[in-house]
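Peer 1: On the provided structure of chain A, position chains B and C as indicated by the hints.
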Amino acid sequence: MKRYVLVLLIALLALSTTAVWAGAAAEKAPEGPVKIVYWRSLTGVAGEVQEELVARFNASQDKVIVESQFQGAYAEILQKLLAALAAGNLPDVVLLDSPFVALFAKDGALVSLDQFVKKDKTGFDLDDYIPGLIQDGYYDGSLYAMPVMRSTPLLYVNGDMLVEAGLPRRAPKTWDEFREFSKKVSKYNAAGEPIQLGAGFTMGQTSAHWYFQGAVYSFGGQVSDEQFNIHLTEEPAIKLATLWQDMVFKDKTAMPSNSHDDLLNRKVAMVFGSTGSMGNLLSRADFDVIPAFMPGQVQNLVPVGGSVLAMTSTDKFRQDAAWEFMKYMTSAEANSAIVIKTGYMPVSKSSMAYPETVAYFQANPVRKVAVDQLQFTRPQASVISLGKGTEILRQMIEKLLIANRDPKRVMEETSADLLKEYNDSFK
Amino acid sequence: MVEVHKKRSARWYLGRAGSHLILILASLFIGIPFLWMVTTSIKSPAEVAIFPPIWWPKTIRWDNFAKAWSLAPFGRFYINSIITATTGVFLEVSIAALSAYAFARIRFKYRDVMFLVMLAAMMIPSQVALIPNYVVLKHLKWINTYQGIVIPHVSSVFGAFLLRQYFLSVPAALYDAAELDGLGHFKTMVHIALPLARPVLGTLVLYLFLAKWNSYLWPLIVTNTQNMRTLPVGLAMVRTAEYAIGPEHLMAASLFVLVPPLIVYFLAQKQLIEGIAAGAVKG
Amino acid sequence: MDFTCRQQPKGVCAVRGDSQKVFREGKFRRQTMSRRARKDALAFIGFTAPNFILLGVFVFWPIVYSLFLSFFKWNMIAPKKTFIGMDNYVSLFNDPVFWQITRNTLALAVFTVLFKLGIALSLSIQLNRNPRGGSLYRAIIFSPTFTTSVAVAMVWTWIFEPTYGLFRFLFRAVGMTSPDWIHNIHWALPAVIIVLVWSGIGYDMVLFLAGLKNIPQDIYDAALVDGVTPWQNFIHITFPLLSPTTFFLTVTSFIGALKAFDIISIMTDGGPLNSSNVYVLYLYQNAFQWFKTGYASALALILFLLIMVVTLVQNRLSRRWVHY
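As given, the protein sequences belong to chains A, B and C, one line each in that order.
Note that this note's numbering has the first sequence beginning at 1, numbered continuously upward.
Note that this note's numbering has the second sequence beginning at 428, numbered continuously upward.
Note that this note's numbering has the third sequence beginning at 711, numbered continuously upward.
Certain hints may be false.
[Unchecked claim] Simulated crosslink set (BS3-like; lysine-lysine; CA at most 30 Å straight-line):
no., chain 1, residue 1, chain 2, residue 2
1, A, K106, A, K119
2, B, K568, C, K749
3, A, K106, C, K791
4, A, K341, A, K267
FYI, nobody ran anything at the bench for these hints, they're computed from the structure.
Bound-form chain A, shown alone (with noise of 0.2 Å):
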């Protein structure tokens, strides 16, 4: 009899004892130095740098310990956040793709700055940020983010191929004269196969739907407004997305891309990037890269991308180490290295002004053009902040580009949908 109560003591025990082996986050009583948890994205320079900060910023004081952990793309560092909040296992500051911040502070997800802005006494300022990059990080008149690595799309160029299809050597100004490089630079070997075309569209989660909505802005319309009104059955939406699918149809100039490779192998001539991307292609590349502005048409002007880092932190004392890393991740010092590192923009006046900025821009002139970019941008669309969005217009643009579906057709398809998911998971 009592071997059994043994047997049921040891199958329950072998169970139990697992629930000894604590998963990570737990609970750290406010002595010594606060260990927070810092969720990143990106890899590559824009991974290591953020590393490197870390790494700095731990070595700089001893009052807190920052551990970062890498969460994957945006998209993913989207889920993983979703379920953390699930689980209530959430880290204390957060890199987050800019249109998220919305999203998560609705649900009050994300801890309001107001309060530790107001009571740092250590000459903090808000107003060194650049207002354009900082706007974003409001939601109902409170401050939630802060600009760490920010971003525009730009237009990436091979100067080489440009030249010896007998083009100057410079980036395509107007979508028409896109159209047109495309052309004259795209090759074909005997059996029709492309060896090299002019452009690649991205396509892909991330991204995809970034350099569409640039494209809209040249055009002069926009995808979405603050009200959540779509405009994607406007004339600049179809006129662009015509556009576009014409050059991979009817032209075949240029074809869907999923990777920087398309550049780097000489497939194609041109593709779009985020200024982040910068000090990646440049150093990669075997050839004469020239970062651009986006084309414009009817105007120029782009949405401003890139990560913000936001509070997640539920308890007060990590929420004040939590506060004083993110001042430091945006400070001027690492801001600079981040602009130096891996081409994002400078977020404050101070970074801007900072020496080493300073003389980096004068080195390397050609990478100013993020900086010249700053005066033409713009918030996102706000659809983009729908938890399905992004994968809405992905659909689109593989709807257009890979389906050759007709434009119109797929614009109103895409409005319906992003009106449902609106309806569905925002209202």
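Peer 2: Relative to chain A, chains B and C alone:
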């Protein structure tokens, strides 16, 4: 008569040649992806981007593996995979053995009914349980923990069923002798039943280990951070980097994940294949 | 339960009641029955409790809970679930993507099973002739069974790569142009099927081989005397006698294909335009990427019913053509 024999012989050789041809083609179809993975992993970026492709690089680039290793904390992924797979196998086999012994040797009024209930669980695909299990784990605060990865998948139907068959096939006289010696059920199971089932137990352990080592969907869902991810999940994350990682590094990283199970497989190949052929393992 | 029993290849499935027989034959010393019975009952419960607790929490309860959740609108974060009755099911049946993925899943299952079983059968027949090096062939062809699907998906993605991939090279060698498999609406699903066939042939082949070994040689010897051709041999002897194995593999492969996830999620992520999206992946996307928990629960429940129906139908059909 001799003529007829000769004729058949020629046809026989032709048939043999045909057999080999078919089998060689199939082996190539199966083997080339592995080979391609290995040769890609030791090429230079330039050699990767050549058409038509080359089969072997001029110089072997071992440093691709160092670079791939640095793309993510693979050491940590290894530790996580080993911990979750071994404890998972240990728990599942223990649970299976206990159930199997009970169903084979212990009398109980509702035994047959309970046996049917257990078998019914085999009909329920684990994918259906994803969401409810996630919610259960959320309440247990087990998201992103080892027990969260392991515990939901250590209940055993097939293992229990299989071991029960073996326990039943043990001659009753042996159990009687144990009973006469005053051994209780637990000791009888440990000292009599389990040692006799050793071959099938070995196959079960190997199979479960490989299945747990390779599992992807559930660890993907329950882990949030690098330090809890298992190898397959960690590898999948490497691929979703912002900018593309060279195929040579991706293939090198894939080999980290692929090589351990392949070693286990080739070491225990005979036992695994014959175990499956003998119905030791569920499809 | 007849079915589960029959799924197992010969020898595994014992007749229920064996245990009773063993006990009857055992010469237990008489104890006071009630005490012994009580002791046994306790032991039984102790031995089976861990398994039944886990099965209850992680297998049976989820079915009930999925059914419950499928009547709600919930994003898994909000504390509040909104009851919406049958709305999830209504929007499911009005969701064109749902029908698309159902078609994809069935097409994937049918073609994967056909190719996989066909190739595996012909290979096992060759192996059954005991060629030299048979065990080496067997070991190679079986090896994908135990490889990590994530790594498999990555190497195949690289093989399908349109510019430097092996498939382009193969197509070029026979004078054709290879499509951009993974990014093409028409070729993404076939690409996935190729990989699933690749990774599944070995297992099926080994089971067929076991089935072939069970066919008594004297049947073939008798046929030889009658001057039967190899093809007739196959049609009249091998195939009918192999039907239990074929049936078992058809059912398990079909159900396995209905549950496909790993390889697809990595190779194509269901794209482009859901052309290679399948049931479980869509379920995952809805539940864990878009946090439409109620909707995904409805999907889960329909998958459950679908698998039940497939099992029952195939079980029923088997009576017509399986020879035991």
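Peer 1: If you test the structure against every hint from before, which numbers come out violated?
Peer 2: 2
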